[in-house]
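Number of protein chains: 2
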Amino acid sequence: MPELRKDPISDRWVVVSTERGRRPSDFGSSPTVEGAGESKFCPFDEGNEGKTPKEIIAWRKPNTAPDTPGWDVRVTPNKFPALVIEGEVNRTGMGIFDMMSGIGAHEVIIETPNHNLNIADMEESHIDKILWAYKQRIVDLEKDKRFRYILVFKNYGTAAGASLAHPHSQLIATPITPRYVKLELASARSYFLEKERCIFCDMIRQELGTGERMVYENEYFVAFTPFASRFPFELWLLPRRHEAGFQELPDEERMQLARCLKDIMMRLKKTLNDPPYNYVIHTAPNSVPRPGKPDYWGTINYDFHWHIEIIPRLTKQAGFEWGSGLYINPTAPEEAAKYLREVKI
Amino acid sequence: MPELRKDPISDRWVVVSTERGRRPSDFGSSPTVEGAGESKFCPFDEGNEGKTPKEIIAWRKPNTAPDTPGWDVRVTPNKFPALVIEGEVNRTGMGIFDMMSGIGAHEVIIETPNHNLNIADMEESHIDKILWAYKQRIVDLEKDKRFRYILVFKNYGTAAGASLAHPHSQLIATPITPRYVKLELASARSYFLEKERCIFCDMIRQELGTGERMVYENEYFVAFTPFASRFPFELWLLPRRHEAGFQELPDEERMQLARCLKDIMMRLKKTLNDPPYNYVIHTAPNSVPRPGKPDYWGTINYDFHWHIEIIPRLTKQAGFEWGSGLYINPTAPEEAAKYLREVKI
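Sequences listed follow chains A and B, in order. Going by full-length UniProt numbering, the first sequence opens with residue 1, and the numbers climb by one from there. Going by full-length UniProt numbering, the second sequence opens with residue 1, and the numbers climb by one from there.
Quick caveat, the hints were computed from the structure, so don't treat them as lab data.
Pairwise CB distance ranges (calculated):
| no. | chain 1 | residue 1 | chain 2 | residue 2 | range |
| --- | --- | --- | --- | --- | --- |
| 1 | A | E252 | B | F97 | 30 to 36 Å |
| 2 | A | T92 | B | E194 | 19 to 25 Å |
| 3 | B | F97 | A | N218 | 23 to 29 Å |
Think of the CB as a built atom: it goes at the ideal place given N, C-alpha and C, for glycine as much as any other residue.
Input sequences plus hints: build the corresponding full structure.
Okay, here's the thing in structure tokens:
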């Protein structure tokens, strides 16, 4: 079973997946990519439903059975999960070290039966179905009291870590709240306690005011290059209205999110020649009920604000970034926003 | 001038180097590598001293002049610095955003005149001279009251971010303490306040006790794969004796460090077929004098412990890691240590 281990010095949890057990000879010159879309057989193509673990949910045409053709979006467990779904979260210590059994969910959201159709080129109504699948899975998994957090993410292109070319996203549910989310939560909390305002709402207001980093806005959503972008052409996408969790998004607003996502993905594709990218959804953590406190997070509904962080993978991270956590970004976000606004789509 | 910008939500500083100003067309399929050792001309080769900025220090043969041949190790400013050395650190705010002028030092330590000789294959006495250069530069730069921190790091191989093949390390002095170092400092501080012991010393004791993650030890130094390794074959190298700053290392112990470094670099090279890697030295931050307090860091000499983190670059970081700060390591550190211990060098 995989283990969650905590480094006592940096307070960082790591998943050590002993099952995968990669030995020195497993790390070739192109070590992390299995097939990478070159192989002719794709387990995510329509008709190959038997080659994936059994589907959990799918957006299906009427009268089609699970694990058969006829789906638009399909969610299955990851065949090579980083964390395992069966078991209890046992917590143990060993001297100064802490560990936990590697319990969690690891799922794949197959975004379309079409092997070559990516978000930038999909119909908005199809992107809406992908977002529907994200929401359904979060709503379902957050009922599992073993899990503290559900992270939805997408790797596009081998340079961004995608091991299969067929369009897909992933989801990992973990028994801990991941470090970056924790830092955001703590900082948003302390801002709220001081000012009685959401820091994300303040940021949206300031960005809409100056406009120099804005890339897209519609009635419900905005997208801009953040002031302290770590990476060239980094983008954040947020709901204009204050909302702590992605899963709270009303169905009637989801189409607007699909429109926003498609728009900025097309802009990235045109501006940067179809770059590899990652995106992650940062939503509020699962609430942890405590005796006499129905919601451990208390003011969470006021102080956190879900958002999507989109990172084109254009630069390599070197020793300085790894060692310091201080990023060097060679493209000012104001410049990046200007290119993205002005590109013809 | 480059800018240091702070993201108010994650409390993360970023260097936005507007001068380099990379536009969309600058990001090709292999964007970050200039030449990467394929070009015939190398500015770091002996005889080409005129092609680098003027040397700051060098370990030289007697009666040789600066910026001429006759050196063993040579330090110069980086020709394309991420931060600039001239100017004051002006701090400004803009709504919820904070920024600082991008003042700092960015230097290159050319490790040898030999274009193809890397640490694994150098004489120990030569590695000693490289370590001497690191120390000299830290001791000199920490006198500059504008700087809070000096980070020495090395990128080996293009996959690790090296832009020139000639063996070299780098150093960046910054007006802020980088985020990861800050987290380590805070955690070591709170451990010391609770237990009156250094957390690193405790970790060394525990690792020597179990032995399962040990790779190398001599009279003064140890190297092991950390319990919560983020990456396959990650290694930490620490002085056995408690010591806060790398620059405090007595000259007579430096040769033992050279021996330790050479040993583990040879083991990495043999075990993993000469992998790309990064290393960084985490030392105590420059002390910041305050009125009535000669050393702002107070107990720093007791609670921090310098070390070198070595990261072979064998796996790609994907969306999950970027989005969460939670790493998935497919090789247990106990396994990695076993391979490294048993390889013939």
